[in-house]
Amino acid sequence: MTDEIIFPKNPFEDVNPSEFNKLNKKHVTEDFVEENLKRLGWEVFRPFNDTGIDRIIMKRVCPNGHTKVDEQLHGDACPICNAQVIEIRRFIQVKTRQLKNNIFGFTLKSKDIRVDPRHVYLLYSDNTSNDKQDFLIISVKDYLKFFDDNHMNPFAPTSFRKGNNKLNSLRYNPNTDKWSWGRHDWEMFRNLEGMKRIQDPNIDLNLDNEIIETRALANKLQRVFAKGSTYSKETERKINQVLQQNLSLYSDPKKIVQLRKSVEEYIKQNTDEVTFASMKKYFEFIKTIEVSGADEDSKESKELIKEMSENE
Amino acid sequence: MNNQDKSIAYAFIANGVQIYLNEGDYFLISKLICSNCGDSWYMNLTECFLCGTINPFLFRCEDCGSFQSITKSSGKCNNCGSSKLYMMCPNPDCISNKDEEVKKEANELGGCFNKNSGLLIAQQYCLTCGSQYHRYKNYKILVRTIDSPNVVISKLDLPENVSDELYLILRLKEDDKIKYHICKVSELTKDFEIKNFMNSFKDVVNYFYPLLNTKRQDI
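Listed in order, the protein sequences are those of chains A and B. Counted from 1, the first sequence has number 219 at position 231 by this note's numbering; the numbering is strictly sequential. Counted from 1, the second sequence has number 261 at position 218 by this note's numbering; the numbering is strictly sequential.
No wet-lab data here; the hints were simulated from the structure. Where hints are given, some of them may not hold.
To be verified - Straight-line Cα separation of at most 30 Å, BS3-like style, residue types lysine-lysine; simulated pairs:
| # | chain 1 | residue 1 | chain 2 | residue 2 |
| --- | --- | --- | --- | --- |
| 1 | B | 115 | A | 268 |
| 2 | B | 245 | A | 268 |
| 3 | A | 249 | B | 245 |
| 4 | A | 10 | B | 158 |
It should be emphasised that the depicted structure is a prediction, and the values quoted were computed from it without experimental measurement.
With the rest of the complex left out, here is chain A:
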């Protein structure tokens, strides 16, 4: 039965996804994703206000993996093995792009790298061809692991931490009808194959371990500094040495807490009350944008900073 499913499928018969442009597509693309996930039996939740997570999805599945990709369990027990059904949850970040020269170009910032492996990137190619769309669905853990396994590191360049590291290696080959990252196959993350991977109940059953493993991968890849054209070779060497030392030092969480305390005390002693208060106020601002989903550089954020400045 699974083989017959067309996924994704345009749920909006009167309009083709390719008819939308960059300016008016956000709502329809997220709706497209939502309707398709519902078809596979996921319960879909949308944000009340704009946030970094575009959808939270839930599904009741057999803990032993007996639930099909398009199946929704209604009872409390798996019809195959009678095991108690569990509810799995995934946190979906959608990136919709139109292919340019068959390339799906996108950017992930350091704030998009979470260590909860239930965090999933859904890369939606809304015009693989005029009437065909594709989802590339990959959990943060699989994403990190893919680069680690293949000895690539898009997290080391300064552009990743600047937030402008556009990745242009995800490519669709119309002749073979296959997706790849550079020369590496990405078909395992495509459409139903990707959905099967994120439906793995072991992610939820072993969540603590999965988080530890995801963090280990994130540290291995993110705690590397590539100098690019802006820093010297010697600086690169020194920084990489410090990064490794600190990674080891801060494996004792108390050390980073102590450091931050002593730096706060240092600032307090070396600044006036108004400036110290300004620092605290900025921290409040960060908390606000965390819930509103706005970026630090967004128009709304700039207005908020201006307002704060006027009230100082």
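Based on these hints, arrange chain B on the given structure of chain A.
Frame of chain A; chain B shown alone:
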């Protein structure tokens, strides 16, 4: 979403909790928290990539070392008039301060906490306990307003076949004050009287997202 649900949703949002809706009667609350102590995790907060110090959002004068607000800056140091104001890491022991070559290269790009330097990264360590692990924590929430502490279950119009994970927030308005009570829908078997109300919405948030025995260091 009705007004009662919206009111609760906005109260959660004001307390740093995100809300997700579907077509059903209930909604989801969700928050990214530290796996160890439960404190909020802020992916928009940045820390020094080199030493882990939290971004203080201050300029520092390279010549005299004084700090000043980035929102009020005139581009010159208030103390010595120098124009060498950079978003430097405030940790004197950070390599970006201790090593002259690294410092020079970082300051040429505006300092560690200037985005152009590429020397800042989203929060990696918990503000409270220093753990490097975070996770999403979320709950299904149903809201009902009651007019007395004596709760009659049949009057609550509860959905059928509820999951074990569905929480009910009961709100009671008395003398212009709103009080709250939380219980699991699956545990409601008979009518009951609420004896211990929560008197503020902060208590509701703390019920779902408690901070576990730690004092926050929150710059």
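Violated hints - listed by number, lowest first:
When the structure is compared with the hints, none of them turns out to be violated.
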